[in-house]
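Enquirer: Residue strings, one per chain:
2 protein chains.
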Amino acid sequence: MKIALAQLNYIIGDFEHNYQKMASHVEKAKAAGADLVVFSELAVCGYPPRDFLEFPDFIHRCDAVVQQLAALSQDIGIIVGAPAINPVPEGKDLFNCAYLLHEGKIQHVAKKALLPTYDIFDEYRYFEPATTFNNVEFKGKKIALTVCEDIWNIGNENPLYTICPMDELTKGNPDFMINISASPFTYDKAEERIRIVRENVARYGVPMFYSNHVGAQTEILFDGASLVVNAGGVVVDEMPYFEEAFQVYDLGEVTQATENKVRPKEKIALIHDALVMGIRNYFQKLGFSKAILGLSGGIDSAVTLALAVEALGKENVLSVLMPSQFSSDHSVNDSVQLCHNLESPYKTIPIKGMFDAFMEELTPHFEGKPFNVAEENIQARSRGMLLMALSNKHGYILLNTSNKSEAAVGYGTLYGDMAGGLSVIGDVYKVDVFALARYMNRHGEVVPENIITKPPSAELRPDQKDSDSLPEYDVLDEILMLYIEQRMGPKEIIAQGHDPKLVHRILRLVNRSEYKRYQTPPMLRVSPKAFGMGRRMPIVAKYLEQS
Amino acid sequence: MKIALAQLNYIIGDFEHNYQKMASHVEKAKAAGADLVVFSELAVCGYPPRDFLEFPDFIHRCDAVVQQLAALSQDIGIIVGAPAINPVPEGKDLFNCAYLLHEGKIQHVAKKALLPTYDIFDEYRYFEPATTFNNVEFKGKKIALTVCEDIWNIGNENPLYTICPMDELTKGNPDFMINISASPFTYDKAEERIRIVRENVARYGVPMFYSNHVGAQTEILFDGASLVVNAGGVVVDEMPYFEEAFQVYDLGEVTQATENKVRPKEKIALIHDALVMGIRNYFQKLGFSKAILGLSGGIDSAVTLALAVEALGKENVLSVLMPSQFSSDHSVNDSVQLCHNLESPYKTIPIKGMFDAFMEELTPHFEGKPFNVAEENIQARSRGMLLMALSNKHGYILLNTSNKSEAAVGYGTLYGDMAGGLSVIGDVYKVDVFALARYMNRHGEVVPENIITKPPSAELRPDQKDSDSLPEYDVLDEILMLYIEQRMGPKEIIAQGHDPKLVHRILRLVNRSEYKRYQTPPMLRVSPKAFGMGRRMPIVAKYLEQS
Numbered sequence: 001m002k003i004a005l006a007q008l009n010y011i012i013g014d015f016e017h018n019y020q021k022m023a024s025h026v027e028k029a030k031a032a033g034a035d036l037v038v039f040s041e042l043a044v045c046g047y048p049p050r051d052f053l054e055f056p057d058f059i060h061r062c063d064a065v066v067q068q069l070a071a072l073s074q075d076i077g078i079i080v081g082a083p084a085i086n087p088v089p090e091g092k093d094l095f096n097c098a099y100l101l102h103e104g105k106i107q108h109v110a111k112k113a114l115l116p117t118y119d120i121f122d123e124y125r126y127f128e129p130a131t132t133f134n135n136v137e138f139k140g141k142k143i144a145l146t147v148c149e150d151i152w153n154i155g156n157e158n159p160l161y162t163i164c165p166m167d168e169l170t171k172g173n174p175d176f177m178i179n180i181s182a183s184p185f186t187y188d189k190a191e192e193r194i195r196i197v198r199e200n201v202a203r204y205g206v207p208m209f210y211s212n213h214v215g216a217q218t219e220i221l222f223d224g225a226s227l228v229v230n231a232g233g234v235v236v237d238e239m240p241y242f243e244e245a246f247q248v249y250d251l252g253e254v255t256q257a258t259e260n261k262v263r264p265k266e267k268i269a270l271i272h273d274a275l276v277m278g279i280r281n282y283f284q285k286l287g288f289s290k291a292i293l294g295l296s297g298g299i300d301s302a303v304t305l306a307l308a309v310e311a312l313g314k315e316n317v318l319s320v321l322m323p324s325q326f327s328s329d330h331s332v333n334d335s336v337q338l339c340h341n342l343e344s345p346y347k348t349i350p351i352k353g354m355f356d357a358f359m360e361e362l363t364p365h366f367e368g369k370p371f372n373v374a375e376e377n378i379q380a381r382s383r384g385m386l387l388m389a390l391s392n393k394h395g396y397i398l399l400n401t402s403n404k405s406e407a408a409v410g411y412g413t414l415y416g417d418m419a420g421g422l423s424v425i426g427d428v429y430k431v432d433v434f435a436l437a438r439y440m441n442r443h444g445e446v447v448p449e450n451i452i453t454k455p456p457s458a459e460l461r462p463d464q465k466d467s468d469s470l471p472e473y474d475v476l477d478e479i480l481m482l483y484i485e486q487r488m489g490p491k492e493i494i495a496q497g498h499d500p501k502l503v504h505r506i507l508r509l510v511n512r513s514e515y516k517r518y519q520t521p522p523m524l525r526v527s528p529k530a531f532g533m534g535r536r537m538p539i540v541a542k543y544l545e546q547s
Numbered sequence: 001m002k003i004a005l006a007q008l009n010y011i012i013g014d015f016e017h018n019y020q021k022m023a024s025h026v027e028k029a030k031a032a033g034a035d036l037v038v039f040s041e042l043a044v045c046g047y048p049p050r051d052f053l054e055f056p057d058f059i060h061r062c063d064a065v066v067q068q069l070a071a072l073s074q075d076i077g078i079i080v081g082a083p084a085i086n087p088v089p090e091g092k093d094l095f096n097c098a099y100l101l102h103e104g105k106i107q108h109v110a111k112k113a114l115l116p117t118y119d120i121f122d123e124y125r126y127f128e129p130a131t132t133f134n135n136v137e138f139k140g141k142k143i144a145l146t147v148c149e150d151i152w153n154i155g156n157e158n159p160l161y162t163i164c165p166m167d168e169l170t171k172g173n174p175d176f177m178i179n180i181s182a183s184p185f186t187y188d189k190a191e192e193r194i195r196i197v198r199e200n201v202a203r204y205g206v207p208m209f210y211s212n213h214v215g216a217q218t219e220i221l222f223d224g225a226s227l228v229v230n231a232g233g234v235v236v237d238e239m240p241y242f243e244e245a246f247q248v249y250d251l252g253e254v255t256q257a258t259e260n261k262v263r264p265k266e267k268i269a270l271i272h273d274a275l276v277m278g279i280r281n282y283f284q285k286l287g288f289s290k291a292i293l294g295l296s297g298g299i300d301s302a303v304t305l306a307l308a309v310e311a312l313g314k315e316n317v318l319s320v321l322m323p324s325q326f327s328s329d330h331s332v333n334d335s336v337q338l339c340h341n342l343e344s345p346y347k348t349i350p351i352k353g354m355f356d357a358f359m360e361e362l363t364p365h366f367e368g369k370p371f372n373v374a375e376e377n378i379q380a381r382s383r384g385m386l387l388m389a390l391s392n393k394h395g396y397i398l399l400n401t402s403n404k405s406e407a408a409v410g411y412g413t414l415y416g417d418m419a420g421g422l423s424v425i426g427d428v429y430k431v432d433v434f435a436l437a438r439y440m441n442r443h444g445e446v447v448p449e450n451i452i453t454k455p456p457s458a459e460l461r462p463d464q465k466d467s468d469s470l471p472e473y474d475v476l477d478e479i480l481m482l483y484i485e486q487r488m489g490p491k492e493i494i495a496q497g498h499d500p501k502l503v504h505r506i507l508r509l510v511n512r513s514e515y516k517r518y519q520t521p522p523m524l525r526v527s528p529k530a531f532g533m534g535r536r537m538p539i540v541a542k543y544l545e546q547s
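Chains as they are written, first to last, in my numbering: chain A, 1 to 547; chain B, 1 to 547.
These aren't lab readings, by the way, just hints derived from the structure by calculation.
Some hints could be false.
Which copy? The list can't say, so a pair holds if one copy fits it or any two copies do.
[To be verified] Straight line, CA to CA, 20 Å or less: simulated EDC-like cross-link-like pairs of lysine to aspartate or glutamate:
(1) LYS529 x ASP93
(2) LYS516 x GLU192
(3) LYS347 x GLU367
(4) LYS189 x GLU16
(5) LYS501 x GLU445
Predicted, not measured: the structure shown is a model, and the values here were computed from it.
Could you put the whole structure together from the sequences, leaning on the hints where they help?
Expert: Now the structure itself:
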């Protein structure tokens, strides 16, 4: 038996696009002599469709695509993910399903039992969990067919769940397992995914074909990396990361294989590739080709520009240098050098005229109060306005250049440097932004050395340095990581050896900045706990105000 | 037996504040001879605590407050809502509980079984559902004690759930029911809540004491309106809306009562009161007293100002008139008249200087392209920047004045008129904004008649009217309501008699504006489907692009 895995990039709600893409891969699979072609979770509508699932019209369109695909299944089996209406009135309205289509009809519907409802996932918001489990027969083979999370509770060891679907399915003695997934990328997930698939084959003693979604859906990045692992635990194939792929596997050959084919998984390289895909897909799927961004001379905008150039092409990214009276010469020179290195265009627009115009009107209303964050923000917002005006006039999308460390502590100006359609490095701590710069310089200088080595500064006051008001980034980032990713409280973080006063101050800053993060653009997600839909906090709250 | 209901306003994560407030009401209840005092759902930490529930430190602080309250329970029973750690490793880490404290100890913990996971609710993200149910004995009476949603599946008729907790508890023959809730306001919920409580007493034949949270938690508004309903279905008391309240009830008198005491529930009046509380609590809980807003001469900013004056006091709201070359005389005159009517201060700051400064720098980069949304947005953003600069200098919070109709179709400028710390009427359709204005004029003119009667215009181009690019608001709002609140698809909306071309255009506008709404401030929620945390949509999607 020959099984094709189709690791594809879907557009949410674009049923025609998704259907055409799958139909062409059904043809490809037929041409290659495949018996079965496997797509990914909720492929008909793209994942995650979120509250579109609450629209009956949306579900009917999903059903229609399943029917269209069924019509192509006369001579080939097709496994595809789609929602299905729950026929009983009790419980949620839908199931999250894997359909087997063959001989022109729906042959089997496997429902998902384990519904991730944590971090970015809201599946119990929409779906009723499955409670019964049956293997499906196809051309004389029994297949244990599951959806995504259903293979992640091996022997009931995942404390989130009380049922193990594969333990149930294995009672029917399946010949192999197929899992369709929409399992998003995080920098630490790739190893974990292989471990989980291997543990499944070790426990159940049959091979697994694992077909994952690939591509960016706004901030959620799917890395693909679909897997074929035989009963001996050999990784027969790990498909490419961050790109579409299609491959046909012979079940006999899979069973016999002895050579592991595993791809490299270096954290910074993966983050780099994930962000490039994230930018590229955001623009492609929205029908835009050109980006604009403000280049400050600092490391964040430099790395964002270099990533955008990789994603969109050097001629499609416009940098704007917007010096003020507080900008140092090296800021301008370093930015110009970066654009030269990248062969990418830039403009220079000084903000003095705008700043002066605002101050002229505002000075009488400032009542003689001293220079403070108000004047700093006027500079940042003048830059934001210039960038948005150019975007609006020429049809660019503004890329936001804030990093995760500053987003965490609220070190940024709403409607100023926090503006943009997409935040590229908003889920990357400052220390990793430096690492990304060094990574991009691995074959020669892209980001000028001076940008990497000079002390970070917002340059909104004379001689300002980030370290005037924040600790060094290696300390800051570790405290942030313990609080945000690991959900430690102040006592536990202090017990790790950090200064108590600093810990209390940083945690308060994080909590008090919630109102700013509420209004920031979506941030490409690369970590297991990114700001945005996966971290849901009240704005008005006083947790840790006193500690 | 005497039972006190304490309908209180908590601050999320402010354990000391919440404890002190409850402790003082325990004293009050003792002084009034009450046997039992009842607080609301998750009162120890405030509701909804959202992802703070994932921090073990946060849960330990909740436990500590429960212990502090237990120490006060020597001579009185205390019922209070708090999370409890799930002792078994399988399933979610927490239960959502009602504790009965008495004689210095925890006597009983009733766990919530029905976990709302829809709209703004994410309870299954944190909590494991209860599966066992026991009444609690207190001073010779048996109490069926439940948390919020657990009384909303009467006889299993709510299709969301498969279990009815009160059907289980009634097997133990309780003498009365107590439900602690954090049930948020929507303009159609008040009648519904009384109906549900009445259906419970009708089915189970015993009285119910229903203690609800009151106050605003960022955008979520809790109306209070706690209820005492006897076995005959008599509403013995409906406590006040939108304010703290405390009342002691004698069980014997409750049982005997024959007179319904129900408060009026007029939609616009309720929305008005909800918004006033929403503004007031947002400022109080963040420790701010002063608001600023831009006054355009239109109905939206007029209504927002009038609400803010009610919430914060006329001297605490500063209006700023920011005319441009496209502003009509009546805009300025009407705004001045409104401030006079309200006796509230205003400033006038023309935006010409800023606009010209931007155009001077930008014109060479606009490459001769005609006047378009870029120039319109420069005006809106200059205003936003002026308001933010004054906020930053003087410590105001900027109130956003956008309505739901324009938020829906993306008729607003990001970082311009879409800026602000809080959106006051972002969940109020334009037709209801007019109704609010008329309501506020019920005792004499507050909002000048001309503001109510003139055709709406953004005044960003010569002679611009909203109706140039949008249908009349009564038609627009009905289409939006069918799509957003009722989740109808295009076919169903057209079947209601609306123009097909218009329907397709409006639905596309709604979907395409998701990126703007992603960056807007939190909107005070008054409808069953508000933008924000209760409506979760992908930004990059093409649903209904072709329809």
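Enquirer: Determine for every hint whether it applies to the structure shown.
Expert: To see whether the hints hold, each was checked on the structure:
1. Within a single copy, LYS529 and ASP93 get their C-alpha atoms only as close as 29 Å, which misses the 20 Å cut-off; across copies the closest is 18 Å, which meets it.
2. When the C-alpha separation of LYS516 and GLU192 is checked against a cutoff of 20 Å, the pair qualifies neither within a copy, at 33 Å, nor between copies, at 36 Å.
3. When the C-alpha separation of LYS347 and GLU367 is checked against a cutoff of 20 Å, the pair qualifies only between copies, where the shortest distance is 13 Å, while the shortest distance within a copy is 36 Å.
4. For the homomeric pair LYS189 and GLU16, neither the shortest alpha-carbon distance inside one copy (32 Å) nor that between copies (40 Å) is at most 20 Å.
5. Proximity of LYS501 and GLU445 under a CA criterion of 20 Å is satisfied in neither setting, with 40 Å inside one chain copy and 54 Å between copies.
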